[in-house]
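Q: Protein chains in written order, with my numbering: chain A, 1138 to 1927; chain B, 1138 to 1927.
These are calculated hints, taken from the structure and not from any lab test.
Keep in mind that the hints are not guaranteed to be accurate.
Chain copies aren't distinguished; within one or between two, either way the pair holds.
Within a straight-line C-alpha distance of at most 30 Å, the following computed BS3-like cross-link-like pairs (lysine-lysine) qualify [to be verified]: (1) K1417 - K1749; (2) K1229 - K1378; (3) K1539 - K1749; (4) K1292 - K1234.
Each chain, letter by letter, is given below.
2 protein chains.
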Amino acid sequence: MKYGHLDNKNKEFVITRPDTPTPWINYLGCDEYCALMSNTAGGYSFHRDPKDRRITRFRYNNVPVDRPGRYIYLRDEVSGDYWSATWQPVIKDQRPKTKDQKYEYECRHGMGYTIIKSKYSGISTEAAYFVPIGENIEFWALKVKNDSRKARRIKLFTYIEFCLWHADMDMTDFQYTLNIASAVNDGNLIFHQTGYAPKSGKYGLAYFGCNKKISGYDCDREAFIGPYRSESDPIAVERGKNFNSMASGGNPIASVSLTLSLKPGQTKDAVFMLGVAETKEEAKKIYKRYADEKDVYQKLYELKDYWNAYLSRYQAETPDKDVNSMVNIWNQYQCRTTFNWSRSASYYEAGIGRGMGFRDSNQDTLGVIHAIQDRVKTRIMELASNQFKNGSSHHKFFPLTKTGEKGGYSDDPLWLILSSSTYMKETGDIAFMHELVKYVDGEAEPMYIHLKRAIDFVLSEKGPNGFVLMRFADWNDCLNLGTDNDVAETTWVPELLYLGIQEFLKVAKILRKESDHEKYSAIAERVKENFNKKAWDGKWFIRGIDKHGKEVGSSRSREGGNIYLLPQAWAVMSGIADPERSKQCMDMLNEQLDTKYGIMLMSPPYKEFDEKLGAITTFAPGLKENGGIFCHSNPWAMIAETMLGRGDKAFKYYKTIMPPTKNRMADIHLTECYIYSQFITGRDNPNFGRARNSWLTGTAAWNFVAIANHILGVRPDYEGLVIDPCIPKKWKGFKVRRIFRDATYDIDVRNPKGVNKGIKSVIVDGKKISGNIIPAFKDKKAHMVRVVMG
Amino acid sequence: MKYGHLDNKNKEFVITRPDTPTPWINYLGCDEYCALMSNTAGGYSFHRDPKDRRITRFRYNNVPVDRPGRYIYLRDEVSGDYWSATWQPVIKDQRPKTKDQKYEYECRHGMGYTIIKSKYSGISTEAAYFVPIGENIEFWALKVKNDSRKARRIKLFTYIEFCLWHADMDMTDFQYTLNIASAVNDGNLIFHQTGYAPKSGKYGLAYFGCNKKISGYDCDREAFIGPYRSESDPIAVERGKNFNSMASGGNPIASVSLTLSLKPGQTKDAVFMLGVAETKEEAKKIYKRYADEKDVYQKLYELKDYWNAYLSRYQAETPDKDVNSMVNIWNQYQCRTTFNWSRSASYYEAGIGRGMGFRDSNQDTLGVIHAIQDRVKTRIMELASNQFKNGSSHHKFFPLTKTGEKGGYSDDPLWLILSSSTYMKETGDIAFMHELVKYVDGEAEPMYIHLKRAIDFVLSEKGPNGFVLMRFADWNDCLNLGTDNDVAETTWVPELLYLGIQEFLKVAKILRKESDHEKYSAIAERVKENFNKKAWDGKWFIRGIDKHGKEVGSSRSREGGNIYLLPQAWAVMSGIADPERSKQCMDMLNEQLDTKYGIMLMSPPYKEFDEKLGAITTFAPGLKENGGIFCHSNPWAMIAETMLGRGDKAFKYYKTIMPPTKNRMADIHLTECYIYSQFITGRDNPNFGRARNSWLTGTAAWNFVAIANHILGVRPDYEGLVIDPCIPKKWKGFKVRRIFRDATYDIDVRNPKGVNKGIKSVIVDGKKISGNIIPAFKDKKAHMVRVVMG
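Isolated chain A, as found in the complex:
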C-alpha cells in the first residue's frame, strides 16, 4: 500500500490518504518557534524549549492516535453536517456509499510548511500551515471554495489546546495545574495568560487570533468539547455556536468561529495565527501587521526562498532519482531539523527530559556545516561551554535554563573534535582554535585546549586491558557494562579516540604545536597497538569487556551479541586496523549483520535480562539496540566500505535504508518515507522491517556525510575541496554543485571505465590539476570541475 510520493519540483512529499500507518509529520520553524505538524494537523508547538515553554498540548501514545492538533472544523449551516479541513479529528469517510459524502484529501509536507487540502460536500479547503522566518508565530492560512452549484453558508470553528508551559507539570500535577489557568477573549484574539510561575515568577503569554471578525469564541475546553465527548464531536460545533467561555482554572483552549457566505465558485480567505509574545500590546501589534492575508502569503514565499537558498549549497544529479531527492532535499532538511532540535521533541521523544545532547549535537553539525557555518560555530562553542575543566562534558543540556546533566558516557567529549575539525575544514577558519570558551567549572580557554582536554580525559579513563572504561555506556546507550564498576571497557571508544587524535594532530600541525604533535602521535600509536593486540578475537573486533573481565561481542560470547557493527566499521573509518583485518571485519559484518532492511547493530539479540549487560537486554529481540537495524550506525559501514574502495557495497547499504525505498512497503515500515528513522526492527522480531522513532536521529547527518562526502566523495579538507568518489560500477557519472568557501563548484564526474573508485584526471576551469584537491578560490565565482574516474 502506498500513501504518497515525492514531488521534487516543489520539494514536497505528497500524502494522498490521511490514514498513514503512523502520523507522518513535518517540523515547522527553524528559529525559536517550533511546530510539530502531522499530515492530519496533529502535533504541538513550543517556544525555544519543549519542556518549559510548551505552547500547545499533545497526548502522546494515545488512542485515538495523534491528538490534539491545529484543527479547523467546517459546519454547513443548513444541514448541520460538520467535518475537518484536515480529516482529523472528525474523520469523514474516504470511501462512503454516496459520492456526495466522500472526503477527498491531500497533504503536502514542504520545506518548513505543510499544506492540507480537503473536499467534502462541494466545499474545497486549502490550509497552509507555516512558521515564518524570524517570528514566534505560526500561521494557518485557509482558503475555502464553494465548488457546488448553490450558495452556501459555512461556519468555521478552530481548536487548539494550550499547555500550561511546563510540559511535565502539565501532564502530572493535576491537583495543581487545573487551578492555575487563565485564558480570555479580547476582540478577535484569545490570550492564554497563565503564568510560568511559581518556578520563575515570569508570566507567559500565548495568543490565538483570526484576521477576520469572529462571531464567537471558547477559552475553556470542557465548555467547547462537552461531557463525554472528544475533539471528534465537540458540542459547540455540533450545535453550531461557541459558548463564549473564559478559562479560570481548568483547561484553556482557543476556539473562534466565523461564518462564510459563499456563492457558487466563490473562494474566501481566513488566516488564523498562534504565537507567543511578552505583552498583549506586542501580540496585538503583530496581529495587526498580518490583517491582510497577502502579507501572510508573502511570508510563505519568503520561507520558500530561504529554503531554496539553503539547499542550493549542495545539489547532486546522479543516475538514481531517489538519491537526488534525498541529497538535494529531504536528507538536508532532516539534518537541519536534527541540528535545530537535537533529540528534544519528536513524536517519540516527549520533549520532557532529553534537552540537547552533547554527543548528538556535535554529530548533527556534520549535516549542516555546508549551509550554515556561523550557526555551527556558535553551536560548537555552546557545546564546549558544557565541557568541564578535566575534559569531560555534560551528556545533555538545556539551553533555556543553562543547566546540564552528566551521565557517565565514555565517548561524549571526543565528538567535540570531530565537529570542530569539520567546521575548520569547511571554512578554513583555523583561528577558531583560539576562540576562548568557559568551562562549566572553570575559566575560559582556547578551543584548541578544549580539544586537548577531551583527549586527555578519555586517556585518563584507561581500563585494565588498556581500552577505555565503559562507565554507564558509550554511543550504545543501553549497553551498560560499567554502571557499578571500574572494570568494564569499551573497545569502540579507543577507535573514536584514535580518529579524534588523528584529527587533532592535523590541527596541531597547522598550528605548529610541535610538542603536542609529537606527544599525541606517540599516544595514538600506543592506542592502536593495544587495540589490535587485544580487540581481535580471530574473526572480528570485539565490543568490550564486561565487569567480570569477559569479552562482550565476541564470536565466543555465550549469551548472544556475538558481533557488533560498531567495532568493525570504526576499525576502518578510524584507520586503526590494518588493511587485511579491515576487509575481513567488514566481510564478517556483511555476513553476520546485513539483512534486506539494513545492517543490524548486533546479532544475535539477547533473549533475557542480564544485569551485567544492562538495558540492551530489556528490549524485545530485534528492537532498538538488541538486534535492531540502528540506522545511525549504517552509514559508518557505508563510509568504511568506501574506504575499502567497495562502492557497490557502500551504495547497496545506502539504498537499503533509504527512505524512498520504503514507500512501496509503508504498511511494514510504518514511519515517514521521506526521512530516516532511528531504527528498523531487526530480523529476530515478528515485526521485521517496522521502523520506529522517526526524525530526530544522528542517522540524518551521517547518511548525508556518507553519500555527499564519501560515496559522491565531494568533501572539504583544510587545503581545499577533495574529490574522491566511491560509486557503483554501473554509474556512468554524476554531477555535484557545491558552494565552498565563497565559491561555487560545478563538478561533473564521468566514470567511463565503470570503476568503483579512483581518479584519472581533474580539470578545473579548463586546466588540469595534479591530485584531487580543488583549491578554495574564495572569489564568489562559479568554477567548472571535470573529473574522470578510472
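Got chain A sorted already, so can you dock chain B onto it with the hints?
A: Below, chain B alone, put in the same frame as chain A:
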C-alpha cells in the same frame, strides 16, 4: 439535575445515569491491591505503589474523559451491533428515538465493590467489580441475561491496557518504553511479563484471565483498536473477532473473547480476573482456585461482612438522615481510603509524585482509629521512622522504596503528637511511648522521645517575632513566605505547637516525667504569651509575617488575604486564645469567610502573582488556597464552635459542606455526592460551588472527628469515653453505638430542654455517674448509657 441517591440499607450510592458531571469513582481494595473504579468502569489498578507498580494505564485529564478502564464489550453476533456493559466506552444513547435502542444503566458503588448494570436490545448485564480481602486480584463477575423472546448469540470482548509498571516512565519515555513490552497468551490467560528492569532488575508479572474457555485474544493494543480508532470502536469488536496478537514492544493489553448462546430468559456467567503474581505458576494456581463463579461471589460476601464489621464500631442515629449516612457509612469509608492511600493516587493525583504524606498520614489516623488500632499503631511507627534525629521529618515518603523527601514544611513533625495521643486515648496503650523506632539518620529511641524531639525541633525554628519560621510552607502548602529567607513566620504553627505541647504534657504526666512536665509547661506559657501579644491585629489573629517583616492575613494587609481561617479556628481549638478573643475571632471568621457553600480559607483572594507570597497567588481567585473553600479546614471551625458551645453554628458549618447536600446541585458541585472533595470553588470565581480533587483529602478524617467526637461528642480520652455533645438546639436527642476498648457502648442522648451543649445526667447500665466520662469496661459486653442534656 440529580444523578443518583444513597441506599443506606445496602450501604451503596446508586448512580442512575452514566454521564455524571465528573467520573464518580470508588476505591476497590484495602490491602496491597488498589483499583480506582469510576461509575463507567474507568480507572486503573496498582499494586502497593501507584508510581512503581502501576498495573493498568489511565489517561489523566484526557478527552474523551475517563479512559481507559475495565471494559466488557457485548456484540450481537447476528446484527453486528455492539455496546458496553458499563456504558463507556461505546456510549450508547440513553434517550434514543427507538425504544429498542435505549441503553439502561445503573451503578452501585458499595463498600469495596462496584456493580454496574446495563440493559440494551433485550440483553441485561450485571458486572460486579471488586478486590477480595487479602488477595492481589480484582474480579469482574459478569451475568448476562437474555430478556428478549428469541435465542441470542452474544460475543463478549474484554479490554484493559497494561502500564509498563513505572507510571512516570510509561507516560514520558516512549522511545524506550515502546520497545520493552511483552505480553503473551497462554490458554485462558494473558500474561504481561514486561520486566520492572532496568531499574531494579526484577521482573513483573500481571495476568488477566477468564474462568470460561476463550475463543480469541489480543495482547497488542494497535491490533485490537485499529488505526485512527479508539476504545469506542475497536476494529476487533467491530469485525467480531480478536486477532490473537502477542505484544513484542508496543502497548500490551488484555482482550479475550467468548460467545454466549442464550435462550430466552436464560442467564450465563463469566468471571474475568486481573492480578499480579511473582510467577506464572502462582498466577495459574490462583486462576484455578476461582474456576467456579460461586467461589468468586463467596469472596464478595466476605468483603461485605468485613465492611459491616468495620463500620459497626461507630454507628449513630440522629434526627438528620444525611448525618447518619455520612457518619455510619460514607465518611468512615472515605477515612479508610485516605488512610490506605494517603494522597498518592486519585482522579486528580496522578499517582506519580506524592507518595505518603507525613502530615497527611498522621491526620488520616484520626479517622480510622476507632476501627483499626493495630494498623494505626504500625502506621504511626512507620511515620516516626521518617523522622530525623533533630526532630524534623520527611514531608513525604515512599514505603515501597523506603525513600523520602524533606520539603521545608514547618508543621510536619508536630502532627506525630496528635496521632500518637489519639491512638493512646483510644486504646489506653500508654506503653506505646516506650516503643523503639529508628530515625532516618539515627539509632532507635522511644516514641516518647520522638515526640519530644518534634517539639524541640519546632522550638528551635523560632523567628524574629517569636513565632515559628515559615520555611517553604506550613499546612497551607502554597503560602510560600519563607522559601528564600530566615525571616518569614507562621502564626499558625505556634497554635499547633501549643496544642501539641498540651497533649505531650498529658503524656508526661501519666508517665511521671516531672522535669519534662515542668519544662514544657513553662515553654507552652511563653508560646501562648508571645502569640497573644503579637498575633492579634485588633480584629482577629494574623496569618504570619512576610520576608519584609510585614503582616500577612491582617485586616491591614494591602494585597488581599486580609483574614485566614486557620489562625482563628486553631486559636480556639488549641486553647491558646482567651475566651473573649476566641469568640470574636470566630465571629469575624463567620462574617468574613462564610458562604453558602462553606467557609473560604481566606479572603479576599490575591489578584496577581506575588513572589513574596508564593504559589497561592498563582491560583485563579476562588480556587484552591486562594479564596477557595478548603474543606479540610472547615471542620476546624466546627470544632472551635463546639468548644464555644455554639452547636447550631457548628452543625450549620457541618451541613454546608456535607456531600449529600450536593446531590441536588450536582451540576454545580460536579464531584461525587457521597464523599468529600479537597475544595469547593469560592465566591470570587465564576464557578462558585464547583468542587475539585475528590476523595483523598484530610477533610475526611477531620469531618469525622468534628461530627463524631465534637458535635455528637462521643470521644475517647485517657480515662475513658467522654460524652460531650454540642448539637443543634432543635435536636431532641440522638443515639450512638460505639465500640471502645473491647466493650460496646449504647449511648442514648436526650435533649429535652433544647440546649446546644451541657450534660445534666449520665446513667451507665442503670447507675448514675458523676461527670461525663464513661469508664473503659474492657469486658466485651454491651453497656447502656443514658445521657440527658440540659
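Q: Kindly indicate which numbered hints from before are broken by the structure, ordering the numbers from low to high.
A: none
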